[in-house]
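The primary structure of each chain is shown beneath.
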Amino acid sequence: MRAPPLLNIRGLSIGFTGQSGETLPILRRVDLAVAPGESVGIVGESGSGKSTLALAAMGYLKHGLRVIAGDVLFPERDMFALSPTELQVIRGRRLALIPQNSGQSLTPSMRIGAQLSEALALHSGAAKRDYPARVTDLLNKVRLPDPVAIARRYPHELSGGQQQRVAIAMALAGEPEALLLDEPTTGLDVTTQAHILELLRDLAAQYGTSMIYVSHDLGAIARVCARVVVMYAGEIVLAGATRRVLSNPSHPYARGLLASIPRLASSQLPAALDGIPPMPGGAGAGCAFATRCALAEERCARQHPDLNDPDPAFDNQQARCHFAERAVEIPLHTQTPPQPAVNGGTAAALTLDEVSIRYARPTLLQQLLARRATATPTVSDISLAVVKGETLGLVGESGSGKSTILKTIAGLLPTDHGAIYLGEDEALAGEIERRTHAQLRRIQLVFQNPDESLNPRHTVAEILAQPLQLYFQLSGPELRQRSRQLLDTVRLSAHYLERLPSQLSGGEKQRIAIARAFAAEPDIVLCDEVTSALDVSVQAAVLNLLDTLRRERGTTYIFVSHDLAVVRALADRVAVLYQGRLCEVGATSQVYSLPSHPYTEALLSAALEPDPDSAPRLTANDVIESSPPAAGCPFQRRCAHRIGPVCDRETPPWRTPQPGHAIRCHLPMAADAPARATGGHGGVN
Amino acid sequence: MNDAAAHNPLAGLAAVVRDIVRTPSGAAGLTLLVIHLAVAVSAPFWAPYDYREVSSLLLLKPPSPEHWFGTDHLGRDTFTRTLLGGREALIVTGVATPVAVAWGGFVGIFFGLVGGRLDDVFMRFVDAFLSLPWILKMLVLIVTFGTGPEVFIPTLAFFYGVPIIRVARAATHDVVARDFVWAARARGHSRMTLIRKELLPNVRDALLVEGAMRWSWMLLAFSSLSFLGFGVSPPTPDWGLMIANARGYMSFAPWGVLAPMVALSSLIIGINLTADALAKTLGVDRAQKAPI
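Sequence order for the protein chains is Z and B. Oh and the first sequence: position 512 is 512 in our numbering, straight run, nothing missing. In our numbering, each residue's number is its place in the second sequence (first place is 1) plus 685.
To be clear, the hints were calculated from the coordinates, so they are not data collected in a lab. Worth double-checking, as some hints may not be accurate.
Straight-line Cα separation of at most 25 Å, DSS-like style, residue types lysine-lysine; simulated pairs [what the hints assert, rightly or not]:
1) K407(Z) with K965(B)
2) K141(Z) with K128(Z)
3) K388(Z) with K407(Z)
4) K965(B) with K62(Z)
Sequences are here, hints too, so could you generate the full structure?
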């Protein structure tokens, strides 16, 4: 049926020894064969064992892990039986790894050209005098503009996307037969991610390289891989053609996972997948997913299911489920019933009036002359009003100033110019020391990563006590009582009070962080990428929690995210930021449909969806700009719809195609919109 | 480290000791340290001779069943004097080390939190201070104020607190940038609350390890001062002084130098091994430690 596999993983089990001496498996009897030229995706949430599997394919184990059973054949020889010298020959020359954070895997003190030459010396048979030509050739392959200039640069002089391209070029140096990609686009901006994925697709097609693509992101896998395996608790629970798995998976977990991903086209909250995966070794005798599965019966807890034979009813998908034929009972688009829009009236909860923020501080000379810092402000001229009870989404790529604005509202960064009003007209001081306790209490922050935002040395009780003691002077039984209530609010039981953050899962930690914010009984909660560090199924639960809380309490949210689909699900209104300047503001439905600012359009079209039929369109190049242009439109250098010098010279006017919808662009809106929608795309592609 | 244990001080200590003993070097270090402390506390009750007992008949006698480590130039029993010779050093440094950690730690955390120009200027003074040789600085103070524990304790605590400022400040810098400190700032807590509740629990481990290291440096410094004649006054036995006195007879009565040397080095090795194991247990990176 198929060509003999290039990489053949047979019954691989990998585990470590627990504290009481028992063996805890991370991978359990994994079988995976990759044919020459084939691209296979490995998808799973954190802790599913996908990265361990990818590294094992290289014949590498993280410290403390060992192979319990099985082998990894590449192509015919067991990777774990090879000597280090033999492995060295295979790694890089026949099988190359592209790691997640390539910026960190490049040597900071070496020029790009030198690093690539080193890779060539190690992994290719090229003659030394050919290196410069080969380096240029490799950089061309990964479509870096001006390869000769890039080769002379240091890694820090490149953007994240460019660094990732260099890492790919380095992996290609030995002309390997197979590439292992471990979350290669995670952490990159959407437009950059889309460009890298298209590059990988083309490379695979052009050179016939096999790819093993590990990611938590079904959307990314959908772009690159023809076949996908879904991992859960160290096992492959579903294998099949990507198109089929994404449209109608035959395993309950995969269906729940798909349903929990927010979609760009939907303004509703995705359904959460309750529960958490078992810890290594905690899967028990039965199906690892049984405790979270809607189809589970008594047999599932008792008997471990095998991977079924290809099921013709599901286009030959193989599911590890006793009741795979009933999987369709789990709806793929279960979404919470539409909730009525929050109606908080029109009273303003927070107003930003022409706020500018600068990181550059005035030099001593400038201070003496009472001048301001000369650099262009990081965030400039932001005027926004948030209505009580409303959720305002702030979207933009990294460096767009979203988090900076939140920090300024919270008083952690001073404004350079402009004013912030709390409520209708209560002016907020720029410095936190000059704000009253009441003002501080009314604005609370929830951070992106709960590992960072919770003090690792404090128990949950101590974490929750901080705002309660500070703002309400609670102590003793009252404090205890209120803390329990707060835990209940975020759907956690009271016995969590004595736990330390390290004893909680990611989702639980973020719930504690949310409970701490709500302990202050705030009017406004500033959410900074609060779900970005979480797995999708957990993300859906946290989004639902946030939505419930604001409906119960009439809390106003300012919700910062780079994920457009998440913002769509939660926000009433959206503001799009580029380089610290507002591009577009409007109701969510207005911003997510045409006409829109060219930047919004670029973001929306580059966003990945776990849908085999949605292809991202690249309407803007992925050059990352480090500072905004001195004059004109901030997006001028990347815009696909530039109309001419006016974009470079003049700050664009606000146009209002509809009431409540404002776009800052020189393009005339109403008449030109359809033409842009069809004609402009693909200009950069 | 075991997080649950870190929370309950007593159980935490037990867990830390268990983790230290788990490695061979940690077990050896802790054993040496415990033996030294036990001897220092109990030796007055069972030492075979009076440390002051001079005998003109027993000058520089080699080791024998009566005098295990021989006798010194005044005929005193070297074994007795070695057993008692660490007491003064351990008392002085045992008090000075916690004082040094406390004041150096507080100042370091404070400037790490405040940052800015004040921090810049202050740290340049610290650098300048540290660039002077320690023995000169210390001798100036001792010559001015005299000897005795009441001078040694504040002097050692002061000098050894200064490098702790740097360590505490560096450890604080790693913590202040983290979101939970931002979160506490945004809530509007006072600076003292920030130090006490958010920073100190996270800097504590680094300070503990640094304190253990400083303790061994301090012991060496104290013995060096004794060796130079600025430490304890005779006839109180002290290793540094014993080495200084026996030095002249080293070629024909080496036991007089060897016994206090072995005692002093085994104590310092014990402390260092324990500190290293403690650092590993607590997950503190000791890579950037530097002697003053």
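To see whether the hints hold, each was checked on the structure:
{"no.": "1", "hint": "K407(Z) with K965(B)", "verdict": "36 Å, violated"}
{"no.": "2", "hint": "K141(Z) with K128(Z)", "verdict": "20 Å, holds"}
{"no.": "3", "hint": "K388(Z) with K407(Z)", "verdict": "20 Å, holds"}
{"no.": "4", "hint": "K965(B) with K62(Z)", "verdict": "20 Å, holds"}
This entry does not satisfy hint 1, going by the numbered hints stated previously; all others are met.
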